[in-house]
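Hey, can you work out the whole structure from these sequences and the hints?
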Amino acid sequence: MTDRALAVVRAGALTTVQDRGRPGHAHLGVPRSGVLDGPAAALANRLVGNTPEAAVLETTLNGCSVSPRSTVTIAVTGAPCAVTVDGGPVAWGAPVRVRAGSVLDVGPAVSGVRAYVAVSGGLTVEPVLGSRATDLLSGLGPAPLTDGAVLPLGPPGRAHAPVDAAPQPAPPAELLLRVALGPRDDWFTPEAVRLFTSRTYRVSPASNRIGLRATGPALERARRAELPSEGVVLGAVQVPPDGTPVVFLADHPTTGGYPVIACVRRADLPAAAQAAPGTPVRFLVARR
Amino acid sequence: MRVLPVGEDALLVEVSSGEEAQALHAELLRRRAEGSLSVGEIVPAARTVLLDGLAEPAGVAAGLTSLALPPVPPPAARTVEIPVRYDGPDLADVAAHWGVPVREVSRVHAETAFRVAFCGFAPGFGYLTGLPARYDVPRRPTPRTAVPAGSVALAGPYTGVYPRSSPGGWQLIGTTDLVLWDHARVPAALLSPGTRVRFVPVAPAVTETATATAAEPAV
Numbered sequence: 001m002t003d004r005a006l007a008v009v010r011a012g013a014l015t016t017v018q019d020r021g022r023p024g025h026a027h028l029g030v031p032r033s034g035v036l037d038g039p040a041a042a043l044a045n046r047l048v049g050n051t052p053e054a055a056v057l058e059t060t061l062n063g064c065s066v067s068p069r070s071t072v073t074i075a076v077t078g079a080p081c082a083v084t085v086d087g088g089p090v091a092w093g094a095p096v097r098v099r100a101g102s103v104l105d106v107g108p109a110v111s112g113v114r115a116y117v118a119v120s121g122g123l124t125v126e127p128v129l130g131s132r133a134t135d136l137l138s139g140l141g142p143a144p145l146t147d148g149a150v151l152p153l154g155p156p157g158r159a160h161a162p163v164d165a166a167p168q169p170a171p172p173a174e175l176l177l178r179v180a181l182g183p184r185d186d187w188f189t190p191e192a193v194r195l196f197t198s199r200t201y202r203v204s205p206a207s208n209r210i211g212l213r214a215t216g217p218a219l220e221r222a223r224r225a226e227l228p229s230e231g232v233v234l235g236a237v238q239v240p241p242d243g244t245p246v247v248f249l250a251d252h253p254t255t256g257g258y259p260v261i262a263c264v265r266r267a268d269l270p271a272a273a274q275a276a277p278g279t280p281v282r283f284l285v286a287r288r
Numbered sequence: 001m002r003v004l005p006v007g008e009d010a011l012l013v014e015v016s017s018g019e020e021a022q023a024l025h026a027e028l029l030r031r032r033a034e035g036s037l038s039v040g041e042i043v044p045a046a047r048t049v050l051l052d053g054l055a056e057p058a059g060v061a062a063g064l065t066s067l068a069l070p071p072v073p074p075p076a077a078r079t080v081e082i083p084v085r086y087d088g089p090d091l092a093d094v095a096a097h098w099g100v101p102v103r104e105v106s107r108v109h110a111e112t113a114f115r116v117a118f119c120g121f122a123p124g125f126g127y128l129t130g131l132p133a134r135y136d137v138p139r140r141p142t143p144r145t146a147v148p149a150g151s152v153a154l155a156g157p158y159t160g161v162y163p164r165s166s167p168g169g170w171q172l173i174g175t176t177d178l179v180l181w182d183h184a185r186v187p188a189a190l191l192s193p194g195t196r197v198r199f200v201p202v203a204p205a206v207t208e209t210a211t212a213t214a215a216e217p218a219v
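Chains as they are written, first to last, in the working numbering: chain A, 1 to 288; chain B, 1 to 219.
Hints were generated in silico from the structure; no laboratory data involved. C-beta: ideal position from N, C-alpha, C; glycine also. Mixed in with the good hints there might be a few duds.
Chain A is faced by these chain B residues, among others (derived, beta-carbon under 10 Å) [unchecked claim]: (1) E14; (2) G18; (3) A45; (4) L50; (5) F125; (6) P163; (7) R164; (8) P167; (9) G169; (10) W181; (11) A184; (12) L191.
Ranges between beta-carbon positions, derived for each pair [as the list claims (entries may be wrong)]: (13) A/A82 - B/E19: 29 to 39 Å; (14) A/P108 - B/R185: 39 to 49 Å; (15) B/A55 - A/V150: 38 to 48 Å; (16) B/P138 - A/E220: 23 to 33 Å; (17) A/V103 - B/S36: 53 to 63 Å; (18) A/A13 - B/S66: 46 to 56 Å; (19) A/R223 - B/R78: 37 to 47 Å; (20) B/A55 - A/T197: 20 to 30 Å.
What follows is the structure, encoded as structure tokens:
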């Protein structure tokens, strides 16, 4: 192993390697995968001088600790958290120089869910179908991080961005998701559509990279028939038999047999990735 | 044909049969190949084809309503032969659903010309059509927590082959050693929508069959 590598000291609850995913294979049953909070990951890469497609780490709620084998630049973005190097506080949302052998710790999320950790040179684990993303639905890409794992790094690119800090949206106190109804809103009663678009739901702790589960009023179906499997898109709001909506995120299945009542605007999905369990959620009908 | 808008940049095109969906899929692939359709993903399914990542969904939708489907899908480029040992633990149940002796299940299945209608559930998992409607079977009342990779299975109007071990509720009728999905291979998926498939029975070695049967889950 060369010294262009990153050792995992503390893997955290769920830390995965992510990039912009592997779109274009849905017809083979391959999910798109990739970072859930695209703007945060892109910012982290820019801060350390990486190109936007470089692979980063995506943490879940309680961060992680890593130690580079050579001196690198690291930036942590996404969910706000305490960042330390060898126990001393350093900046969140800004490039940080980390010497070979030092330990950078990404603390628990103060708010939000997922922090992004970009390392100069990017993580260069073996790509699968053109992407290094970990897909938790189908198991493609590298396994989630474990303590002691070592990840290869690419050669550092340009000099890191000449900024001290970059503005980032705060994780949502209330998640407002603009939706276009359909394609299967006619499978629900008018009352169910009214409830869906007017009541407040909450983010369920059972949410994951596959979907954001919303607890709240159950949505009653007008049609009891079984829906033949059909292709589903990122942001689709699928309603399983228990009647509670699931917003499909990056690792969503490519086809599904439960009706999709509405689809969330692409621009609102990064905020969904940062909505902690318990966050109020409202679905607002927007014009296409 | 119904064209349903999906979110900002996708369309779900709904037709009335699986055959029409296959014909529509073939026509949409042809249009993409000739450059008259620009789209990120074309995802066929049971009665629909999803077009995802359209620059101008409204324009595409308007063009689709006047589409005259070719009656029969053009022949697929290739046929995949899947060697199979008809040794699945649900053979007797499937025979009972079909109302035939157990040995008839493998004969009917191996004589059927299948076609991959669509993929989903897992990378490389194809939903194969071809069996007449009278051979539809329900899923198992209780899904298995682990179906072995290579299991050849039936559910509803479909045949499928599990590309890897996973939970599943389909009726298991056989086993293949063929690797359905290998991401280090090009192409990774042996089966893609439109591929023609034949199941070729191979005689099980006596000892192997005994081992395979003993290893099956109890449910």
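Are there hints from earlier that the structure breaks, and if so, what are their numbers? 8, 9 and 13
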